[in-house]
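Novice: Residue strings, one per chain:
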Amino acid sequence: MRRISYLFLLACLTLCVPVCAFEGEYVFEEAGILSDSDAQTLESQAQSMAQTYDFGVYLVTVDDFTDYGYSDVYDCAVAFYEESELGLGDDHDGELLFMSMSNRKYALVYHGYGDTAFTEYGRDLLENDMLDCFRNDDWYGGFQQYMEWSEYLLSEAANGEPLGWGEYGDEHPDDDYDDGPGLVEWLTVLGIPAVITVVIGLVLIGQMDTVSEATKANEYVVPHTLNIRTKSDRYTHSTETRVKVKSDSDSDGGSTHHSGGGYSGRSGSF
Amino acid sequence: MPSQITNYKCPACGGPLRFAGDSGKLQCDYCGSTYDVSEFEKTVEQSDAKAAEEFQKKKGGGDTWDTSELEAQWGPDAAGMKSYSCPSCGAELICDAATAATSCPYCGNNAIVPGQFSGDLKPDFVIPFKLDKKAAVDALKKHYKGKYLLPRAFSRQNHIEEVQGVYVPFWLFDGKADADISFHATRETSRREGEYEVTTIRHYDVRRAGSVEFERVPVDASKRMPDDMMDSIEPFDYDGLKPFSTAYLPGFLADRYDVTIEESARRADERCSNTVVEMLESTVKGYTTCSLESKNVNLIRGKVHYALMPVWLLSTKWAGKNFLFAMNAQSGKLVGDLPINWVKFWLTCAGIFAPLAALCYWFFCT
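Residue numbers (my numbering), protein chains in the order written: chain A, 1 to 270; chain B, 1001 to 1366.
Extracted from the complex, chain A is given alone in its bound form (with noise of 0.2 Å):
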């Protein structure tokens, strides 16, 4: 088993979190929502998958993150990794789903190889499944989720692409990899020097073509005799439209992305 932060424990069994049910090498379950054989099967497959991919797929579930300090549920998930030293392997490779059941945030965290296995694309899908689960109360259902979708990007991962590789714009994981440019990248380089192109070509052509109907008689208005009888700008009625703007705060189910300092995730609520 991977060390536990020290400080995280102490903080734990100073605050009197409920310790739990259960805790596995993969599975931090301090909140007591799942039963001990659901931990079981997910720290099974968390297992399976260390030893299959050497990535480690870890669970934590806490009664409120703000008891240690944070102000942010992703900031907490980060340090918890970090300081618990998860992932495998000289880059720890790993990822991290992090719950806070009281007030209902979650983080989830990548480093290493997690970083480009799981793509943006990926992440939706995993996120997605996994929230409706959640969104209606059924942890196990969405450990589940967050389990079999890990294995599944694993895996496309590990046969040579992750899985939506580009659509995002997401780093491929084997530096040597050249799949060429992507449908982006060649509307990119096709389209610019195209519009261009055109441009100069219609002003070439319009330098030829000087001849056209007038349609217009400006020229021949009598100065000073536009006479403005009736001038009326009559308020009728109004429209509003309203656009939540996202922010890290954000709690209405949509998820803030975050990266830097050799991690990178989302967070937000469920």
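Incorrect hints may have been included.
As a list, the in silico EDC-like pairs of lysine to aspartate or glutamate whose alpha-carbon atoms are at most 20 Å apart [claimed, not checked]:
1) A/K216 <-> B/E1193
2) B/K1303 <-> B/D1239
3) A/K216 <-> B/D1178
4) B/K1142 <-> A/D209
5) B/K1176 <-> B/E1262
6) B/K1333 <-> A/E213
7) B/K1176 <-> A/D209
8) A/K244 <-> B/D1178
Simulated coverage check for chain B against chain A, where a stretch passes if three residues somewhere in it have a Cβ under 8 Å from a Cβ of chain A [claimed, not checked]:
9) 1230 to 1238
10) 1276 to 1282
To be clear, the hints were calculated from the coordinates, so they are not data collected in a lab.
All values reported here derive from a predicted model rather than from experimental measurement.
We put the beta carbon where it would ideally sit given N, CA and C, even for glycine.
Model the placement of chain B on the given structure of chain A, informed by the hints.
Specialist: Chain B in isolation, oriented as in the chain A frame:
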């Protein structure tokens, strides 16, 4: 044979006179004598009146050529032709029914058909030629310059087939356009309310009604002249309008109108209507968007003037196709569509596209 055509002969040597645009006088190329238009008009007034009377008499009476057999052989074109006798050499001139001034191909005399400019057909104004033939040729050469897509062979091998100074008949319409227009306009504001960006759109019914007066909107009254080409050489400086006199015509071709006022008014109406709408719309300010909902335009007819405008027509032939250019002989503005070297065009496009695409590839994909 009755003399239907009047030509202006030099009182000093009998040579043909022509109107010189640069001096504004009638000039004899043989002896170099020049004459003021107003003085000369008095001299020829009587002979013009006589010739016109004879022309009208002939036009309406039985003293016309029997062309019935010719028409049967030549088709309907013959119906639109007229024959005249050159008073200088006696040659028979056949020209279009609308031709009002021409020159005799046999003796070179500049000839006027006075009957074409009398009674209802007489123009009110004329703008005399200000720029000569050389200026027109120079303008055409200048028109070729800087045209990247112009085939080189066109400017090198191309020969100006014909340069004709033509007085083109125009109707000049005076009038007033009255419009009542409704717009739908919106004004948009945005503000932040907590986590929300709130956009408020205020909708307005905007109405503008008003009128504007127009003076001398020109519409060419000759079927032979392409409308778009005559529009394109506008504007003419109306300060140069002179009361009509046939003394301005020698040396140039001239047509009488063959498009009626009613037919031409449609084009003038459209132009005036578009302008009044545009002017009223320009007074709708301070809105984010403004779209036309409905418009009602009434055109109040004013005077119509008949004027002859000076135009140099230059025709060239290249690769079996004719190219026509027109120059405003008052302002020097020359227009005319030029041929395009399509091979050069596509090669140029490829030459621009390929390096740009390579640059973009290097920038975005490597």
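Novice: State for each hint whether it applies.
Specialist: Structure-based check of all given hints:
1. Taking the CA atoms of A/K216 and B/E1193, the gap is about 47 Å. The hint is violated against a cut of 20 Å.
2. Distance restraint check for B/K1303 and B/D1239: the Cα-Cα separation of roughly 18 Å lies within the 20 Å cut-off, and the hinted pair is therefore satisfied.
3. At roughly 15 Å between alpha-carbon atoms, A/K216 and B/D1178 fall within 20 Å of each other, so this suggested pair holds.
4. Restraint check for B/K1142 and A/D209: the C-alpha separation of about 15 Å stays at or below 20 Å, so the hint holds.
5. For a cut-off of 20 Å, the pair hint linking B/K1176 to B/E1262 stands: about 17 Å separates their Cα positions.
6. Taking the CA atoms of B/K1333 and A/E213, the gap is about 15 Å. The hint holds against a cut of 20 Å.
7. The hinted pair formed by B/K1176 and A/D209 fails the criterion: a straight-line CA distance of about 33 Å is larger than 20 Å.
8. Restraint check for A/K244 and B/D1178: not satisfied, since their Cα atoms lie roughly 48 Å apart, outside the 20 Å limit.
9. Interface restraint, the segment 1230 to 1238 of chain B with chain A: holds (4 residues with C-beta to C-beta distance below 8 Å; minimum three).
10. Residues of the segment 1276 to 1282 of chain B lying with their CB closer than 8 Å to a CB of chain A number 3, which satisfies the three-residue condition for coverage.
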